[in-house]
Amino acid sequence: MAEKSHMNDISFRLMTLIHDNPLRRVLDNPMNTLQAAGIRPSQQVLEVGCGPGFFTIPAARIVGDGGCVHAIDLHPLAVRMVKEKLRKAGLTNVKVAIADAAETGLPDKNIDVAFLFGVAHSLPLDAVIPELYRVLKHGGILAVQTFSGRSLEKVANGGLFTFTGKEGRVLKFQRK
Numbered sequence: 001m002a003e004k005s006h007m008n009d010i011s012f013r014l015m016t017l018i019h020d021n022p023l024r025r026v027l028d029n030p031m032n033t034l035q036a037a038g039i040r041p042s043q044q045v046l047e048v049g050c051g052p053g054f055f056t057i058p059a060a061r062i063v064g065d066g067g068c069v070h071a072i073d074l075h076p077l078a079v080r081m082v083k084e085k086l087r088k089a090g091l092t093n094v095k096v097a098i099a100d101a102a103e104t105g106l107p108d109k110n111i112d113v114a115f116l117f118g119v120a121h122s123l124p125l126d127a128v129i130p131e132l133y134r135v136l137k138h139g140g141i142l143a144v145q146t147f148s149g150r151s152l153e154k155v156a157n158g159g160l161f162t163f164t165g166k167e168g169r170v171l172k173f174q175r176k
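Taking the numbering used here, the leading residue of the sequence shown gets 1, the next gets one more, and so forth.
No lab work stands behind these hints: they were computed from the structure. Bear in mind that the values here come from a model prediction, so they are computed numbers and not experimental data. Be a bit skeptical, because a hint or two may be false.
[Claimed, not checked] Ranges between beta-carbon positions, derived for each pair: (1) Gly159 <-> Leu27: 29 to 39 angstroms; (2) Asp9 <-> Lys109: 28 to 38 angstroms; (3) Gly90 <-> Asp126: 35 to 45 angstroms.
For glycine and all other residues, C-beta sits at the position ideal for the given N, C-alpha and C.
Construct all of the structure, not just a fragment, from the sequences and the given hints.
Right, here's the structure in full:
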């Protein structure tokens, strides 16, 4: 796998406490962030690094029964946790898998929107960006939420995407 080994279970559980804290949803409303990314009903969406599902459940609600969220993470605990949350929420339009962002296993040109929220800094973007280009439909959107300019430079300088704008902390790129 191209990505570094995942965090240990203790670190993941600490991150989950932050993500699942209701105050976080007030300070960083996932619905607003997903809408800024361009996620709409009936789309095929790829979530890279789903973690404990902070964005997964809201994304599933946005795309509805006509769409599908493909949520991937390297951490087995993340996948188990998201599957349990989906079961409790009664959502069936999400496919959760342990997968490397540089080798998603998804078909070519199948995804409308791919998003990297809070994970771009930890990914080998030189390997991930071509994979996202491969799975996105022509004109598809790559949305990146980051606190670092590194992600913007890596995506924009590859020649595969065109920067189309920024809304809040969400940078949007369109597949050429």
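Hints and how they fare:
Checked against the hint of 29 to 39 angstroms, the pair Gly159 and Leu27 passes, with Cβ atoms roughly 36 angstroms apart. Separated by about 36 angstroms at the C-beta atoms, Asp9 and Lys109 satisfy the suggested range of 28 to 38 angstroms. At about 39 angstroms, the beta-carbon gap between Gly90 and Asp126 stays in the expected band of 35 to 45 angstroms.
Violated hints are absent here; each numbered hint is respected by the structure.
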